[in-house]
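Student: Chain residues, written in single-letter form:
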Amino acid sequence: MDVVVLVKRVPDTETKVRVAADGKSVDPSGVQWIMAPYDEIAVEKALQLRDAAGGGAVTVVSAGPAETSKELRTALAMGADKALLLVAPQGAGDAAATAKALADGLKGVPFDLVLCGKQATDDDDAAVGPMVAAHLGVPCVAFVTSIEVAGRTATVKREIDGEVEVLEVDLPAVLTAQKGLAEPRLPGLKGIMAAKKKPLEERPLAAAPSPTETRALSLPPGRAACVKVPATAEGARQLLKALREERGVL
Amino acid sequence: MAPFEAPDFYAIDDLLSEEERLTRDTVRSWVTDRFMPLIEEAYREGRFPRALIPEMGELGVLGGNLDYGDFPRMSSVAYGLVMQELERGDSGLRSFVSVQGALVMYPIWRYGSDEQKARWLPAMHAGKAVGCFGLTEPDHGSDPGGMETKAVRDGSGFVLNGAKMWITNGDLCDVAVVWGKLDGVVRGFLVERGTKGFSTREQKRKHSLRASVTSELVLQDVHLPASAMLPLAQGLGGPLSCLTQARYGIAWGVVGSAMAVYDEVRTYGATRVQFGKPIAGFQLYQAKLATMLTEITKAQLMNLRLGRLKDAGKMTPQQVSMAKRNACHWALEIARIGRDMLGANGITDEYQTMRHMCNLESVKTYEGTHDIHTLILGHAITGLDAFR
Ligand SMILES: Cc1cc2nc3c(=O)[nH]c(=O)nc-3n(C[C@H](O)[C@H](O)[C@H](O)COP(=O)(O)OP(=O)(O)OC[C@H]3O[C@@H](n4cnc5c(N)ncnc54)[C@H](O)[C@@H]3O)c2cc1C
Numbered sequence: 001m002d003v004v005v006l007v008k009r010v011p012d013t014e015t016k017v018r019v020a021a022d023g024k025s026v027d028p029s030g031v032q033w034i035m036a037p038y039d040e041i042a043v044e045k046a047l048q049l050r051d052a053a054g055g056g057a058v059t060v061v062s063a064g065p066a067e068t069s070k071e072l073r074t075a076l077a078m079g080a081d082k083a084l085l086l087v088a089p090q091g092a093g094d095a096a097a098t099a100k101a102l103a104d105g106l107k108g109v110p111f112d113l114v115l116c117g118k119q120a121t122d123d124d125d126a127a128v129g130p131m132v133a134a135h136l137g138v139p140c141v142a143f144v145t146s147i148e149v150a151g152r153t154a155t156v157k158r159e160i161d162g163e164v165e166v167l168e169v170d171l172p173a174v175l176t177a178q179k180g181l182a183e184p185r186l187p188g189l190k191g192i193m194a195a196k197k198k199p200l201e202e203r204p205l206a207a208a209p210s211p212t213e214t215r216a217l218s219l220p221p222g223r224a225a226c227v228k229v230p231a232t233a234e235g236a237r238q239l240l241k242a243l244r245e246e247r248g249v250l
Numbered sequence: 001m002a003p004f005e006a007p008d009f010y011a012i013d014d015l016l017s018e019e020e021r022l023t024r025d026t027v028r029s030w031v032t033d034r035f036m037p038l039i040e041e042a043y044r045e046g047r048f049p050r051a052l053i054p055e056m057g058e059l060g061v062l063g064g065n066l067d068y069g070d071f072p073r074m075s076s077v078a079y080g081l082v083m084q085e086l087e088r089g090d091s092g093l094r095s096f097v098s099v100q101g102a103l104v105m106y107p108i109w110r111y112g113s114d115e116q117k118a119r120w121l122p123a124m125h126a127g128k129a130v131g132c133f134g135l136t137e138p139d140h141g142s143d144p145g146g147m148e149t150k151a152v153r154d155g156s157g158f159v160l161n162g163a164k165m166w167i168t169n170g171d172l173c174d175v176a177v178v179w180g181k182l183d184g185v186v187r188g189f190l191v192e193r194g195t196k197g198f199s200t201r202e203q204k205r206k207h208s209l210r211a212s213v214t215s216e217l218v219l220q221d222v223h224l225p226a227s228a229m230l231p232l233a234q235g236l237g238g239p240l241s242c243l244t245q246a247r248y249g250i251a252w253g254v255v256g257s258a259m260a261v262y263d264e265v266r267t268y269g270a271t272r273v274q275f276g277k278p279i280a281g282f283q284l285y286q287a288k289l290a291t292m293l294t295e296i297t298k299a300q301l302m303n304l305r306l307g308r309l310k311d312a313g314k315m316t317p318q319q320v321s322m323a324k325r326n327a328c329h330w331a332l333e334i335a336r337i338g339r340d341m342l343g344a345n346g347i348t349d350e351y352q353t354m355r356h357m358c359n360l361e362s363v364k365t366y367e368g369t370h371d372i373h374t375l376i377l378g379h380a381i382t383g384l385d386a387f388r
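First to last, the protein sequences are chains G and L.
All residue numbers for the first sequence refer to this note's numbering, where the first residue is 1 and numbers rise by one.
All residue numbers for the second sequence refer to this note's numbering, where the first residue is 1 and numbers rise by one.
Chain L on its own, in the form it takes in the complex:
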């Protein structure tokens, strides 16, 4: 495989700090050296290369943006660049890190007790414990507020019942953040593996995100102590604030996929000869490359600005919706166009474009579908709620 050459048409590199560049370069070489040799086989076999989890811990990418203990506390832009580089490898890799950091460590950090933080954050940062985030249910996806998972008080603790579906890292997890209603109010619970009544079952046979574990969580009369509840999260705002963090990472991540695809088809077009010349010399081929590079550059600039706003404490969830929606739409579009540009070769795993294309179908759907983000933006623009 030709070495990855990242497109940076607007010299956005100049807008990054030295440590942001260093962080990106470090993760980029790690993905090239350690992840790329494994991914095609893992994808074919439908498994996450879990042997790499401790290495990611050593790198410091797991929840490395959180202000806790001796964590690296990287900037939001550095964090975004990490996501971009991981997803340049595979969306499954980025999903693992997103869930661990933004959907599990983040709520524990923001809403958890000191004991919960001390128990989980260092271990999860080091890659010694894995978490998952259970919000979606079989009958409640885009509308999580309708969730049926329910907690009732039992002495000083709780009993939890319900089922969650499409849960990334479910079968890998040591702890699940499960969202359920207590007295009609959404609350978060830390459910540890091994707790009686709690089981996970992997959802196999996926056409997408095959190098990522997706599972059902089953909660049947799960008895939890009072200390299992996240004390500071009350209402749907709790899980939604986690989604804002994860969506921010996705907006950056999928640009990595798009960059991988663009790099692959650009190189391919320069060497593949038809009608006596390289196909990159034909206008139609060039038009596609021009569109790809333009959309990648636009998304890179949006992400950078969003990251600076986030660090300044000024980022809004609606801005994140715009970035997630736009970046996922274009990354998928670029991958679809790219697949076509590779001809028959493009359907084999000699090339990564179709793997990215298949992955991006999931990424477009999870963390708020394209349509849902459209409605969020529509609401922000008009003040009128079009959800129901």
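So that you can see chain G by itself, here it is in the shape it has in the complex:
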């Protein structure tokens, strides 16, 4: 079974993000970069599906700066077979431009299934997966927590407000990974050393215009100072008053 996994390089979710001097991008100094956590889940699931099918290849694909080779190498170290990097020094653009670039990049790559994270943890668009599906002209199910493949069909589950929806979808298809789909493995040192020898193809990405443009980036306002009230009846009264009059919560 051939599976393509789309992955993105994002700042570590624990990195303290700072806005760069241009006021519209992230200051890269001091940022730890990682593969987006939901994409990592997608890679793990792809490896499991390939191994369960007893054959095929997992190809990881990314559009991004040259440094993204590290995240692709991580996926190879986890066990993916090959990687394709569409090199865009300034990033691939917005979700629409990225989806177009990825779909174009997949021409000539055989696949039964395309997996990706439900969203990248930097811009949280959750749009690239469905848009890629539209470009490829294949069905898409987003936010899946389970995938079972039988022949040319996949049975997938999604969880909505405590309910589970079960869907059948024809392959090839695009599925986006929700937490719970798989538990990503750590690449062992053996995997890391083996990854060195796996093919990682880099192709320049012709700069496609983004339909949207980032004008400004700002950090959310800092949290207001914490107000302490004594644990007494009087304190409770003060708290009620503050919630009603100052915050308008009640």
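Treat the hints as calculated values from the structure; they're not laboratory data.
Remember, predicted model here, so these are calculated numbers, not experimental data.
The hints are all genuine.
In silico SDA-like links for lysine to any residue, alpha-carbon gap of 20 Å or less: (1) 16(G) / 9(L); (2) 190(G) / 127(L); (3) 196(G) / 15(L); (4) 70(G) / 29(L); (5) 150(L) / 165(L).
Model the placement of chain L with the ligand on the given structure of chain G, informed by the hints.
Tutor: Below, chain L with the ligand alone, put in the same frame as chain G:
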């Protein structure tokens, strides 16, 4: 606990290969996710979290630099980074891995027979067998050449008698590499657990390296077959070559401790307010942070260079002595200064600095004390032996 942010003031990251970075990041997340939640309790209770041994096997860190079978064969720099990341967790964790890889697997790999290698290396790499290294004796520490442990021939085999002390992993071990004299020449013997006359006894009540097992080994008329001796090790050079490997790892490892301490006090100083402002805003506090970061950066650069020399086959034991001596001295100094910077909070196990500080007292002592490395360097500089 705030997430660990590793200092890299000189962008040394740029000097690492992709797989070196990946290796470091993998071990760093493993330590954060799997080890950090366990360490304080293990340290308090004075035990090594042995449940993690198979996981370390799966990661491939145990002797993973050795050129054997399907081992990962990571570069010396990658190996050093692994040590750094493990010791960022705790010196006891790094000690376990150092002993297993550099002091047990290494001599078997370098001096052992094909049968000895096949029997032990894959199992130890997978974390299915644990080894220990018995050189130090109650009366012979810095001067191991004076060892009293003795082997005598007995038919085709040997009988071993003696006692070893301060042996890391002693009570955990399936096999001990025991150094003893045969006809006056130092030789290495593989003594398996369960061999009659061989016993281990844990040395408890330590103030330092509490999450590591330290034991006495007792060898009383231990009968060994001829196949138990490491055929290619002859003389003190055998164990000393192992120490060079382990000291190399220590030089990297303790920088991990120093990085953990620096990260902790830097974050603390930014939020702890006294006299109306964060204490990190005071000059004295900043001077300490500046010293810490400078010494960490210097040690990182020394280690990187040493690792590249090692991979090129050009590293000398004296260079390793300089790195071990300097890194241990400064890591301990940084931990002591850091302990002070945390005020009263710094004496509790809510903070890791004092644990590192206590650990580093051992690390400064074992594998050649600070003074012994001074004498090694003194000898290299002057050509004059000041040991005796
Ligand atoms: C936690 C822990 C784990 C250990 N694990 C192991 C292990 O796994 N295997 C193993 O074999 N050993 C192990 N050791 C032992 C360690 O290597 C020795 O403790 C070390 O070599 C120092 O020996 P010593 O303790 O006998 O001190 P001594 O040699 O008695 O030294 C005491 C002091 O005298 C100084 N001194 C000694 N000689 C001179 C000299 N010529 N000139 C100037 N000063 C001198 C030393 O620098 C030191 O300050 C471990 C030790 C510890 C604490």
